[in-house]
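Novice: Taking the hints into account, I'd like the entire structure generated from these sequences.
Listed here are the chains, written in short residue letters.
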Amino acid sequence: MLSNIQKKLDHIDEIPTLPTVAIEIISLAQSANVQMNKLSEVIHRDPPLAAKVLRAANSAYYRRSDVEVETIQRAILMLGLNEIVNLTSSISVFSAFPTAGQDAQSLRYAFWNHCVATGIIAKYMAKKFDLPTSGQEFVGGLLHDIGKIVLDEFFHEDFVQAHDFAVERGLDLIVAEREILGTDHAEVGAILADRWRLPSYLKDVIAFHHVPAQATAKEVTAVVSIANQLAKSLELSCGGGTMGFVLSELEGWQLLKQLGHPMDDIDIERLTFELGDMRQEVASYISSFGAGGG
Amino acid sequence: MNQESFRLLRDFIYDKSGIFFADNKQAQLETRLAQRLKVNNLSDFDAYYDLLKYDDPASDELHSLFDSVSTNETSFFRSPPQVEAFQKKVLPDMLAAHSAAKKLRLWSAGCSTGEEPYTLAIIINEMLGAAASEWDIRILGSDLSPKALRSAEQAVYNDYALRGVSAEIRERYFEPQGAAYRLIEAARKLVDLEHFNLSQTETLEVGEGFDVIFCRNVLIYFDDELKRRVVSKLYDSLKVGGYLFIGHSESLHNISRAFKLVHFPGALGYRKE
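Residue numbers (our numbering), protein chains in the order written: chain A, 1 to 294; chain B, 1001 to 1273.
Treat the hints as calculated values from the structure; they're not laboratory data. For every residue, glycine included, the Cβ atom is placed at its ideal position computed from N, Cα and C. Hints are not guaranteed to be accurate.
[Said to hold, decoys possible] Simulated DEER-style distance windows between Cβ atoms:
#1 Q280/A x G1178/B: 37 to 43 Å
#2 G1164/B x L28/A: 50 to 56 Å
#3 Q280/A x M1127/B: 28 to 34 Å
#4 G1241/B x A51/A: 52 to 58 Å
#5 Q280/A x A1130/B: 39 to 45 Å
Specialist: Next comes the structure, spelled out in structure tokens:
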């Protein structure tokens, strides 16, 4: 079935694509010495993107002082490289796959809320646990479920059927997808990652966020896999019925432990409470650059 | 309250009570503590922190603080995510697991005026429907206060206590009594009310074999040593596979590692393995 889907994808011309500028920025962030000038130049090449970056830099979410941020250079200095990459990625995916015009109950709307929540939680955890994932976690979280976009656009009926099947049987969506479609969003997402020429860590996150031990970029994939579960438990799930799980028994958690991170010392209750009300956090993040709505 | 004072107080409260105020709950904490500042005639939150830390040998102020920070009111279907975790996951699993024995034992420890045990009774009744009569179901509601228990016995509630109850449930489970409402016999009869002090762990005899225990906003008043003893008592009272639910932002992190911590949507539960 996957080869069928692969073939079908090969013949679909209008496969959604991330704006090249987003891919360029994500790749740029991978290089050892990122130059501010280069980054600023790339952002300037896309005026609507530049305008949204400035808007975000001056939003309640990011604003740190009374001084208005008027230039991209200033915004980069204020937010830092990682946050600019996070922000531009978010702006790009929201403009490529808009939620505007969709009602707040729609799958698409829930989908991006879940992805942003996963990104925010992954970023928070990486900082909290001092993981050497160099700021990749947010974009990893943002894009981990990207395969679902393709399934939703091009295999819509089957995908909706898989979604309903998962809810009805209390299954994880990925299990239902395999049952109904013969493939799943991780596999399809990996094909998309190749097409978009995303960095290898992102392909790993997309392909292995349900089985992080199989990834090469283990730490970032593990963190995103945990954040994915936590986002669901903070009531931002996107399909499927994960009703109750033991965090310390998740494959990602165990993997981080094996990699030598002191996971047993973590106050899990406190971590959960610190993440607080993710819906509020996600809404305020999304509105910082003027997307969202419903 | 500046961020620094917030963090100091937040961490102090978490350490002493296990209740956590997330960053986005700063305004809420501020509102709740404003009254304590006034009572103590203090001008700012730093002075209040100093009072708690250095000038409260008998923990009097600490207990008043706990009263202020815990959601001390009770109502039906309070803290929906926990109630939903019970309703949608824990209870269905237990009913399936006990479908042969058809026996269910719940305990609402610190039940105050009865809203919690009666909420559980309504949920179970709703889920089992006509089959409820085939089941042996007992819900124990216990509290320290005889006055609260007498009120629970009456099972008469005003609109405010019923604000979380849907019109449909209100219609089927409550009968008007003057300006208030009385819970119907079918739900009342599932609940046994008993007076006892949870903190007297030596003499506490509640038996064992509970499937689920709710003990919300009770442990916060105990020091760590007493918390450990009470929690260990609760643990012993649970069946293997049974759940303990504590208050919505309460933590057992430094108290017990005996349970498996389970994440439900918007709520945490402690499972006995």
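Novice: Hints numbered earlier in the text: which of these fail when held up against the supplied structure?
Specialist: Going through the list in order, the structure violates no hint and respects every one.
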